[in-house]
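Trainee: Going down the list, the protein sequences come from chains A and B. Numbering (the working numbering) for the first sequence: 1 to 338. Numbering (the working numbering) for the second sequence: 1 to 399.
A few of these clues could be false.
[To be verified] Quick list of the computed label-pair ranges, beta carbon to beta carbon:
id: 1; chain 1: B; residue 1: Ser371; chain 2: A; residue 2: Ala57; range: 25 to 31 Å
id: 2; chain 1: B; residue 1: Pro367; chain 2: A; residue 2: Asn262; range: 54 to 60 Å
id: 3; chain 1: A; residue 1: Asp161; chain 2: B; residue 2: Glu119; range: 54 to 60 Å
id: 4; chain 1: A; residue 1: Pro323; chain 2: B; residue 2: Arg115; range: 30 to 36 Å
id: 5; chain 1: B; residue 1: Gln244; chain 2: A; residue 2: Ser173; range: 20 to 26 Å
id: 6; chain 1: B; residue 1: Lys201; chain 2: A; residue 2: Ala229; range: 34 to 40 Å
id: 7; chain 1: B; residue 1: Gly31; chain 2: A; residue 2: Ser168; range: 47 to 53 Å
id: 8; chain 1: A; residue 1: Asp161; chain 2: B; residue 2: Pro367; range: 52 to 58 Å
Calculated from the structure, these hints are not laboratory results. Since this is a predicted model, take the numbers as computed values, not measurements. Backbone N, C-alpha and C define an ideal beta-carbon position, used for all residues, glycine too.
Listed here are the chains, written in short residue letters.
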Amino acid sequence: MADSGPVTTAGVIAVGNLQARIDGQLSRATGGRLTVGERAELVELLALRGHVLGCVADAERAAALADDLIGQVPGDARSFVARARTRGAFHRFGPALTDLDTAAALGGDRAALDAERAAIYQALGRYGEALAIRQRAVDRHADFSALAALAGVHGERGEMDEAERRFSAATRSYQGTSPFPVAILEFQLGQLWMEHGNLRRARAWCDAAVRRLPAYVPAQGHLAEIDAALGQTAAAIARLRPLASASDDPDYATQLARILGNTGQTEEAMTWRGKAEARYDELLARHQEAFADHAAEFWLTIGGDPERALWLARQNLSLRQTPRARALVRRSSGHPPG
Amino acid sequence: MSDHNNSPRGVAEPAIDIGDAYVFPSPSRPGQLVLVMTVFPNAQPGALFSDAARYQFRIRPVTIPASGPGSRFEVGTDEYNITCTFAAPVTTDGAGNFAQEGTCTLPNGATVSFRVNDEHGGEAPGARVFAGLRMDPLFNDSTGYVETLATRQLAFQENGTNGADGWDILGIVVELDVATMLGRAPGTLFAVAAETVTAGKFPVRLDRFGRAFVKGQMLGELGADTVNRDLDLRELWNQEDPFQLAPNYLGAYRARLNANLAVMDGIDGKTDWPLQPDGTHPLTELYLGDYQVVDVAKPYTEDSYLEIELALLQDRAHATCGGRSLNDDAGDTNLTFVITGGNGPRISDGVDQATVRASDSFPYLAPPNPSPAVAGRILAPSKVADQLAFLQQAGLASR
Chain A
1 MADSGPVTTA GVIAVGNLQA RIDGQLSRAT GGRLTVGERA ELVELLALRG HVLGCVADAE
61 RAAALADDLI GQVPGDARSF VARARTRGAF HRFGPALTDL DTAAALGGDR AALDAERAAI
121 YQALGRYGEA LAIRQRAVDR HADFSALAAL AGVHGERGEM DEAERRFSAA TRSYQGTSPF
181 PVAILEFQLG QLWMEHGNLR RARAWCDAAV RRLPAYVPAQ GHLAEIDAAL GQTAAAIARL
241 RPLASASDDP DYATQLARIL GNTGQTEEAM TWRGKAEARY DELLARHQEA FADHAAEFWL
301 TIGGDPERAL WLARQNLSLR QTPRARALVR RSSGHPPG
Chain B
1 MSDHNNSPRG VAEPAIDIGD AYVFPSPSRP GQLVLVMTVF PNAQPGALFS DAARYQFRIR
61 PVTIPASGPG SRFEVGTDEY NITCTFAAPV TTDGAGNFAQ EGTCTLPNGA TVSFRVNDEH
121 GGEAPGARVF AGLRMDPLFN DSTGYVETLA TRQLAFQENG TNGADGWDIL GIVVELDVAT
181 MLGRAPGTLF AVAAETVTAG KFPVRLDRFG RAFVKGQMLG ELGADTVNRD LDLRELWNQE
241 DPFQLAPNYL GAYRARLNAN LAVMDGIDGK TDWPLQPDGT HPLTELYLGD YQVVDVAKPY
301 TEDSYLEIEL ALLQDRAHAT CGGRSLNDDA GDTNLTFVIT GGNGPRISDG VDQATVRASD
361 SFPYLAPPNP SPAVAGRILA PSKVADQLAF LQQAGLASR
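The shape of chain B in the complex, shown without the other chains (with noise of 0.2 Å):
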């Protein structure tokens, strides 16, 4: 899985639980941005967001200062936020259904109403808004990515099984007209992260995620890390602002990220990420930073996740969009990214798509499953050794 049941606080409350997050330009509607939040894992029919939380993206402009080996984005302090919170729901029968209505915050003020699962959702001059049950756009053979990392060799089949599929999910999908919301930026790069944050007058943050697969495996105990043997940093890695980390753990998630990538890189049997003389991964501070970056002024690309990272390391401008679209491929991409570091044939999980493809046009999602699978809740051992039993045990696994 991406991120799904990573978190203990949203195991118990899978409505503040975040899946995945995709930031990508429509594909139907040139100038326009769009931003997908998924929440809600393995939902059934009835699910609904928590009238307790704020969901938000937070975008800030980056701007690449050097490039090269070892070089990260410097992220701005300009926040281009959007923020959508849920009501309590109402009884519109006696049969015992809800109805949910939302409101979303766009960066210039403006606020965007909608009603939970309408197809339609809501419009404001430069943007429109939708949330509600959907198919959960994730797709990758969780069983081998797991056994992957668990036994140090690719462990994946011609013929892949994806582990979220039939699952529906909770999304939010915000798309923003880019001159309108985006316009007074400097530049054309951004940065965005995906939250859940407490609604009450001093707000925690819940759940946050960036990239794919940094919590759960990334940062997971590979059994790598001298450093923090047996400790499971997922939760103080949620509560992290994305653009500044804290002091507090630095040092842990960077000598997690240091073993851990080292690991991952040795995987094909060769070291296409050298370490620098001070030991770190060349990879690490990129991730410290978890969050999406994509280039607004770039049309879009269904298969450019983490090209703007390769760029940036590889010491060249980017040619795509970046970002995360909902058809890509992105577990495949993160393990050749991590793997092979583009020096290598690209590494397939043998799973290309997901139940269905999402859509060209809003709300992008695919509607949901009527009867979609059921998985367990429980949450997901940090140890990837752990796992790999986790998802055997729990019938999830394709072998």
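One chain only, chain A, in its complex shape (with noise of 0.2 Å):
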């Protein structure tokens, strides 16, 4: 279970000084000062803000950026690493792996891609190959960031108890006092609990990274499904509320909207219903890999559209075949979940 793990720095202050980073940096950045570490350093930055807060305009920027970047700098391996993981956050992972080649064609470190590579593998479904390459960056050098990838690869495939093995040892490790790494591992956690039934579980680590990282959005609308499928809709309206009004993320408009119209609340939930609708249809028109999971689950449930559910649902696991996309295609098929 959950243990307050290593003391780091309070939410807020990691925030505002994530916040100041990227501003600063962009200012810097209007004025073509930055170097090519520091342009790579940037996507990085805008992609973390992107997933904490949940903002989807940041992870474009972020791609956008990546972008720019390798067609300022071609011939630098850490142009195409920064676009890889913008490529792979959208889920176009085969021009990510591409990117990934190229970056080690321009002699990028070899660990260091190997570790991009298992990534998108995973993403992919390919747990076997990124369980090699997660092992063996393990034996080479068991730090915080091997052994939290090593226990991702194991939530993925099922085993959670090797998994929760390896994410204590992960945290046991830890030498720095950003709070950001931490919660992103214990959210991960929380999540893998929760695609294996253990809300308890899932509970536990979710709240363990919002005290960690109260402004931590996705861990935010996890607590709220929890919430829900507990029966506290309440509480999960209360959490959901601000999230969807300020993420331009539609999942958050999907679950509160869902819960609503559960509850007989049909016109607020419609409200956000159609806000979920329009912005799924902006996100599907230019990142339909990224999206056709969670839009899926939009048309199965309070969108109403289950043909345009199973049609996503069968593009995402054409995409990767996961436990989960197989799961939707099931659900959206109108089987219960095997």
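Hey, can you piece these two chains together into the complex? The hints should help.
Mentor: Right under this line is the structure:
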């Protein structure tokens, strides 16, 4: 079960510092004064903020900067690593792997590229290959990031005891004060437990992530989902309203609309449903691969278009053969979860 | 830069990244010793200290068992530590502004509470403490400095460009009454190091600082170390106890310093620090003990950085308080010390003072620049040749 873990800087300080770093880098970027490393770092920072604050616009900006970087510095491996990450984030896994091959040809660090490759294999459901790379990294140097990554693969494979053991080893080996890596790790474990149906453990880990980083939108969203699953709908609604208002990720509006609909608050539910639908239409037009699964969930439930849901779920499955993608197709086909 | 952006963890978490440390007798209050640590290089308004770290000044008495080339100080085992911690910030208004409280534990066990950015700081018998955003007191021509090391030729101009011009930084200033806080020590010479460590049950050292320009330049990859050509030593160095290096990497540090110091000595075309018979550079042992040495019985002198060290090596009694004052041109002193050994004219980087000079009175550090310059926060390369390209690409290069 989640203990308090390593002591890290208060989330409000860390998020404030992250914002200040991004603002500073962006203002220098406007003047064209960033080094290749700084531009690659800015891509990372924007992607981090996008993940933590549930901001799709940040992720899009990171992807655009990574594209620019390739144009500006095509001979530097760091440019291709940066773009591989943003492509991976938008589920463009094939092109991301191609970028990593190019980075390798340009002399990029082999161990670092292997780690990037493992993350993509994991997203694709190629767990055996991901596990081999992650295990090699731990054998070489069992530090926080290597152990955390290995834990993630075990979790995806359903080996939750092993995942917990590796997660604990990772947090014990953490030697920094930044809350981001630890909170992300705690959230991942919560997410995995949720997928494995253990809501008590899922809540403990998501709670830990939110205690560490109160502004962590995806962790808040999962806590709302847990609340709803446990019948605590008022708590779930209270948690989701600010997320749905602030985040440009329609997932929160979808969840809120669904719960409101289930509790008879039809008018407000329809408002959020409309917002989510409009936003999914926008995002699918630009990033179909990335939003196919969540959009399928939307049309399967509050969206009320099971045919479109099935089509999107199949698109998602064609991209990655993960248990989650298969389950989504089954549910969209009207079959009970397998 | 002095020690700005020289640690991967510091770049990831700037609030624990030490920029510099300073130790000097108060110019305005005789009998008071001032300790300053700066963290969070290039901080912007609103920057705060980490509540997950301890900010420490570690003070130990030192003696001089023997002087002459190759000598080093003997550091005692008693410690007179000052530890500052900070609470998580709290909102003070509806506009998203935060206030942060801090506490400083003094060598006698007493504590001082203060609010970050309160100009008056906090006070207890025998001590005053300030913490908050100020102007960075560092000044040097960082490009010329790096170019000098990379090309192995003096590369300064008459009017250099301060690489930290207009920067803000978070500063911790502790003013101690020497008699109250250090009076039971056997002598008047003290070694002082600054460090940041994690606040958990098993503290991990995150960053440390003793003398200026040690980590990035003297331990940097100049291309002269034939033992470990490509080893970035900075993070290993950061984790070491400043008063007791572990044996694991001692050989690596020693080899790097021996090689780099010899190269630096030759920059002016002559050898001022002849190697000892076993090939050891006479400054290596001195720099392995990475702390500032201050004589609390001597009055304030603005330009006394490394004077006690030079006296030790020249087998004479020191004349000043040593340490490092906020307005001391430590960059010039450092290069002159290492390159000329005091046997030639003073080397100047063409930058003689900070954007705004530090004050003679508490809290000493100049008020923050309301519109601070913005610079990137990325790990400075360990390879000195790459540092030059880094500064040029980052727009920090002055030429």
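Trainee: The structure should be examined with respect to each hint, and the outcome stated for every one.
Mentor: These are the hints, each one checked on the structure:
1. A C-beta distance of roughly 27 Å is found between Ser371 (chain B) and Ala57 (chain A), which places it inside the suggested range of 25 to 31 Å.
2. Restraint check, Pro367 (chain B) to Asn262 (chain A): a C-beta distance of roughly 57 Å satisfies the suggested window 54 to 60 Å.
3. Taking 54 to 60 Å as the suggested C-beta distance range, the pair Asp161 (chain A) and Glu119 (chain B) conforms, at roughly 55 Å.
4. About 53 Å separates the C-beta atoms of Pro323 (chain A) and Arg115 (chain B), a value inconsistent with the hinted range of 30 to 36 Å.
5. Hint check: Gln244 (chain B) to Ser173 (chain A), Cβ distance near 24 Å, so the stated range 20 to 26 Å holds.
6. Between Lys201 (chain B) and Ala229 (chain A) the C-beta distance comes to about 35 Å, which sits within the given range of 34 to 40 Å.
7. The beta-carbon spacing between Gly31 (chain B) and Ser168 (chain A), approximately 52 Å, falls within the hinted interval of 47 to 53 Å.
8. Taken as a hint, the range 52 to 58 Å holds for the pair Asp161 (chain A) and Pro367 (chain B), whose Cβ atoms sit roughly 56 Å apart.
Consistency with the previously given hints fails for number 4 only.
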